[in-house]
Amino acid sequence: MKKITAVVALVFIPARVLAHVTGDVAGGLASGFLHPISGLDHVVAMVAVGLWGSQLGKPAIWILPVTFPIVMAFGGVMGVREIPLPPVELGIALSAIVLGAAVALSVKPPLWAAAAVVGAFAVFHGYAHGTELPRAAAPLAYGSGFVLTTGMLHVCGIAIGTIHRWPAGAKVVRGCGVLVAVVGVYFLIRAIG
Amino acid sequence: MLCRRSAMQPARVRAFATLAALAAIFLPGTASAHLVDARFGDFYAGLIHPISALEHVFPILAVGLLAGQQGAKNARVVLACIAVGLLVGVVLGQRGDSLSWVAYVNGASFVVVGGLVALARRLPVWVSAALAGAFGVTHGYANGTAMRPEMVVLNYDAGVVVAGVVLVSIGAGFVLSLERSWTKVAVRVVGSWIAAIGLMTIALM
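Quick mapping for you: the protein sequence lines, in order, are chains A and B. Per the numbering used here, the first sequence starts with residue 5, numbered consecutively. Per the numbering used here, the second sequence starts with residue -17, numbered consecutively.
If you're looking for bench data, these hints aren't it; they were derived computationally from the structure. Note that the coordinates shown come from a computational prediction; the quantities given were computed from them, not determined experimentally. Take these hints with a grain of salt, some might be off.
[Stated by the list, open to error] Under 10 Å between C-beta atoms, here's a sample of chain A residues computed to sit facing chain B:
1. Val29
2. Phe72
3. Leu89
4. Gly155
Note that CB positions come from ideal geometry on N, CA and C, so glycine has one too.
From just these sequences and the hints, can you work out the full model?
Have a look at this one:
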């Protein structure tokens, strides 16, 4: 395992081996990677998706990460095209509140309901990234960056969520849900006020 | 007395080997100037372009992942088709002009192949082979139009084909070596990421 980690780390050292490096592709990739983690509201909501998936168990735990990026991409397309949507910041803050509450209360709706809720919020998150896409230095690199980072955040949430099989771990996961919801409330107030 | 050598499981050896190969590809600093002058640099140019341009590396890697999901026998057919497709494409691309619809098809290749990886369906071998061949041609074409006139044609073409073969081999080999169910789900998730990136890209075209 250590060897694999070392090799993976080595792969990411040279950021310059990119064709058409006009200084832009690497920059676009970097700014894409950073965009989802530049807002705490994004971060906690994405981690909450992974946490909730862990609580819901199979098949949600894999259906959500497999479908989320594509639904998010639709939101991104809407953002690129600037199709009107209710205020995005509100949507993202709400996503943190709702998903955080779902994890905190360990809500277990039918799969279609969970997927619908997560999907709706995925559109908002994708929209937020998509509005930045046309202005990015290298749009494909930017798009790749934020899709990969978002996916990694889900993985983080699922990884943290693996502890929920133990009673104490389950409480910790629910506590994380509370934290997510609190962050969401903060951003909601900030968005409204 | 003989010491017992600690043995890694074959699956982990394969995973480690493919990751080491990936690291070897991405580690080099500069290509040697003298080789470039001797025009062997054209092979490097052909090799590096598909694997360092995001619009090529993701879909070709996705073809590798899809091939792996189809099982070893079908994966070999797909590997052969991507090699032939890339060769045909790059030869055509060198002679022809840069066509705008090729870029759209290459964008679509993200969505189609990534989506199929996400679905993880067993496809009839001719379907995956045809996809590999067709997208090999279009990606090869795009690489062909990127060639500069002073380059040696044979070297560049060989580089492009080798790059594609390496990417598909690594992708397929890695997927074939996976045993645990969560790792197979992870491959599906990566396919979904590639499809999502493609959707964004097409939206901008």
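How the hints compare with the structure:
For the restraint placing valine 29(A) at the interface with chain B, the shortest Cβ-Cβ distance is roughly 7 Å, inside the 10 Å limit, so the hint holds. Annotation: interface hint on phenylalanine 72(A) holds; nearest CB of chain B at approximately 8 Å, less than 10 Å. For leucine 89(A), the interface hint is violated, the least distance from its beta-carbon to any beta-carbon of chain B being 15 Å, above 10 Å. The interface hint given for glycine 155(A) holds, since its Cβ lies 5 Å from the closest Cβ of chain B, which is under the 10 Å cut-off.
Of the hints listed earlier, the one the structure fails to meet is number 3.
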